[in-house]
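Going down the list, the protein sequences come from chains A and B. Those letters in the first sequence? Residues 575 to 842, by my numbering. Those letters in the second sequence? Residues 9 to 316, by my numbering.
The set of hints was computed from the structure by calculation and includes no laboratory data. Even for Gly, the Cβ is constructed at its ideal location relative to N, Cα and C. Some clues are possibly wrong.
Claimed, not checked - Pulled a few chain A residues facing chain B out of the computed Cβ check, cut under 8 Å:
hint, residue
1, Ile618
2, Leu644
3, Arg663
4, Pro680
5, Val681
6, Met689
7, Ser700
8, Phe815
What the hints assert, rightly or not - Only pairs whose alpha carbons sit at most 30 Å apart, straight line, appear in this in silico BS3-like list of lysine-lysine:
hint, chain 1, residue 1, chain 2, residue 2
9, B, Lys298, A, Lys710
10, A, Lys608, B, Lys94
11, A, Lys807, A, Lys608
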Amino acid sequence: MTAAVPAPLPKSKILNPQSAALHIQDLTVAYHSKPVLWDVDLSIPEAKLVGIVGPNGAGKSTLIKACLNLLPKTSGAVQVFGKSYEEQRSMIGYVPQRESVDWDFPVSALEVVAMGLYGKIGWFRSVKSRHKKLAKEALDRVGIADLADRQISQLSGGQQQRVFLARALAQDTRVYFMDEPFAAVDAATERAIIELLKEFKSLGKTCFVVHHDLATVSQYFDWTVLLNMRIVKSGPTEEVFTRENLSKTYGGKLTILEEASNALRITH
Amino acid sequence: MEWYNLDTWIVITGALCASACAIPGCFLVLRQMSMMGDAISHAVLPGLAIAFMITGSRSSLSMFVGAAVVGVLTALFSQWISQFGKVDRGASMGIVFTSLFALGLILIVQASNHVELDASCVLYGALELTPLDLWHWEFLGLSFKAPRAACVLTMILVINITVIGIFYKEFKISSFDPALAKTLGIHSGLIHYLLMTMVAITTVAAFEAVGSIIVIAMLVVPAATAYLLTENLVIMMFVSVFFSIAAAILGHISAILVPSWFGLNSTSSSAMIAVMAGCLFLIAWIFAPKQGLLQNYFIKSKSHNKAR
Numbered sequence: 575m576t577a578a579v580p581a582p583l584p585k586s587k588i589l590n591p592q593s594a595a596l597h598i599q600d601l602t603v604a605y606h607s608k609p610v611l612w613d614v615d616l617s618i619p620e621a622k623l624v625g626i627v628g629p630n631g632a633g634k635s636t637l638i639k640a641c642l643n644l645l646p647k648t649s650g651a652v653q654v655f656g657k658s659y660e661e662q663r664s665m666i667g668y669v670p671q672r673e674s675v676d677w678d679f680p681v682s683a684l685e686v687v688a689m690g691l692y693g694k695i696g697w698f699r700s701v702k703s704r705h706k707k708l709a710k711e712a713l714d715r716v717g718i719a720d721l722a723d724r725q726i727s728q729l730s731g732g733q734q735q736r737v738f739l740a741r742a743l744a745q746d747t748r749v750y751f752m753d754e755p756f757a758a759v760d761a762a763t764e765r766a767i768i769e770l771l772k773e774f775k776s777l778g779k780t781c782f783v784v785h786h787d788l789a790t791v792s793q794y795f796d797w798t799v800l801l802n803m804r805i806v807k808s809g810p811t812e813e814v815f816t817r818e819n820l821s822k823t824y825g826g827k828l829t830i831l832e833e834a835s836n837a838l839r840i841t842h
Numbered sequence: 009m010e011w012y013n014l015d016t017w018i019v020i021t022g023a024l025c026a027s028a029c030a031i032p033g034c035f036l037v038l039r040q041m042s043m044m045g046d047a048i049s050h051a052v053l054p055g056l057a058i059a060f061m062i063t064g065s066r067s068s069l070s071m072f073v074g075a076a077v078v079g080v081l082t083a084l085f086s087q088w089i090s091q092f093g094k095v096d097r098g099a100s101m102g103i104v105f106t107s108l109f110a111l112g113l114i115l116i117v118q119a120s121n122h123v124e125l126d127a128s129c130v131l132y133g134a135l136e137l138t139p140l141d142l143w144h145w146e147f148l149g150l151s152f153k154a155p156r157a158a159c160v161l162t163m164i165l166v167i168n169i170t171v172i173g174i175f176y177k178e179f180k181i182s183s184f185d186p187a188l189a190k191t192l193g194i195h196s197g198l199i200h201y202l203l204m205t206m207v208a209i210t211t212v213a214a215f216e217a218v219g220s221i222i223v224i225a226m227l228v229v230p231a232a233t234a235y236l237l238t239e240n241l242v243i244m245m246f247v248s249v250f251f252s253i254a255a256a257i258l259g260h261i262s263a264i265l266v267p268s269w270f271g272l273n274s275t276s277s278s279a280m281i282a283v284m285a286g287c288l289f290l291i292a293w294i295f296a297p298k299q300g301l302l303q304n305y306f307i308k309s310k311s312h313n314k315a316r
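Whenever a hint applies, use it, and build me the whole structure from the sequences.
Following this line, the structure appears as structure tokens:
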């Protein structure tokens, strides 16, 4: 990679919630009083491609859903550029997991992309031709403008993922949360997504990406969050993405769970 | 076969009823919550009975208010029970709507000792009797009259189309991707309860004509048929209305004709409309261009031949 390696930021600067793109403090999320995320503290600077990495069940999706207020927090606070999610909602985009929607739904690729604009269009107003034009441009940028009028069930998995990416692009926000955009896509789609992510970064946007493939982490992301119910490590990828930290994240699952349940027993 | 003015009104009322149901029905089918229609159509019964007992009249407005309240409560209760009672959504719906339905039946049986409100009519409806209850009104010096049920159902149809028309994109996004809708500041829960309210008032309007059981067929079957045949949400709604009208026409005609082939008297039109809706679904399922039975068979045999 030829991109300039950012100098490690002094800790005091990272932890200043005003300058951080995302600042999380003491976040705990539990399902039926079982913790999924435990006491998460994070502070991530602007204009980074952030990979959120960890084993299955580590709470990666839960983390971004909690940031987006899609799940109730047991405790803790999340700030985006120093303000609460609700205040900053219009500058935050979301790319859900592909399997989270019904792809047999009777809508076209273009209609799905246009959904990214619904927040801007507002209640009681309909999708105008200029919105459709924006949506078409977004589809063009991810290379599937020719499929705009296809019903979404007739797209391949990779094409469906590109539709979601185009929707995020049309939404044009400053921060993105993406839930496994690289899951089960073809090589061409993977390239298209990473190109788009790099473009986002060059525009100063910050992307949080749940990622599974350890082989590509250091190639794709300049910031890595290693997560296994707690934050194992968060920082510039070349510092954090080490064998030792990975074995802590993936190998130490049992010990962390034990620690957490002990702590729960003490607090309750 | 003899055809009277009365038969025309029966077909029109049946078609209006099925069409009014089909529009919210499309969203029930797409949100994979068709059984919520079942639940609400049963659960509104106590709302009807209580409204009737309080006001002492079958006036439509109080009935609609009663039904809308209970319809939304059904949706709320079943969500609470599945959320806090740790039972799945199907079971919680089963608990809520059967209890409410039974309560409604008890209330109606009690009330019917004093006033005219028939339990069997609530269950099966009386489509054949609706043309006898006429509304008269004058407009520009001309006087009109039409069956009350047809007038009420027309209003409900117009209301349903208007609500979907106003909130079309909110309905679309909160049915397709509720999480995204929430991050865009579109309250999916609000749309959910709006849909539940629509289903509740539509069910009440349909009660008299077709009863609380056939109405489920009208909510679900034309919408499911249209779902098989279309790739666009607006077209799906139009096609579902088309199938509703077709089922009403075919249903009433076959209610008169089919039993006569066996030397019997004509049968219930509302039931026959539901049967015809089912037949149309079957035909669509066999011949659907993309997911149809025949098409799948041909694709399979083609690839089989290729493999050989």
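Outcome of the hint check:
Interface restraint check: Ile618(A) against chain B, minimum CB-CB distance 19 Å, threshold 8 Å, status violated. Hint on Leu644(A) holds. Least Cβ distance to chain B is approximately 6 Å, under the 8 Å limit. Interface restraint check: Arg663(A) against chain B, minimum CB-CB distance 6 Å, threshold 8 Å, status holds. Interface restraint check for Pro680(A): the shortest CB-CB distance to chain B comes to about 5 Å, inside 8 Å, so the restraint holds.
About 6 Å separates the beta-carbon of Val681(A) from the nearest beta-carbon of chain B, less than 8 Å, and the hint is met. With a least beta-carbon distance of about 5 Å to chain B, the hint placing Met689(A) at the interface is held under the 8 Å criterion. A cut of 8 Å between beta carbons decides the hint on Ser700(A): the least distance to chain B is about 7 Å, and the hint holds. For Phe815(A), the interface hint is violated, since its Cβ never comes within 8 Å of a Cβ in chain B; the closest pair sits about 29 Å apart.
For a cut-off of 30 Å, the pair hint linking Lys298(B) to Lys710(A) stands: about 26 Å separates their Cα positions. The straight-line distance between the Cα atoms of Lys608(A) and Lys94(B) is roughly 15 Å, inside the 30 Å bound, and the hint therefore holds. This hinted pair checks out: Lys807(A) and Lys608(A) have alpha carbons roughly 23 Å apart, not beyond 30 Å.
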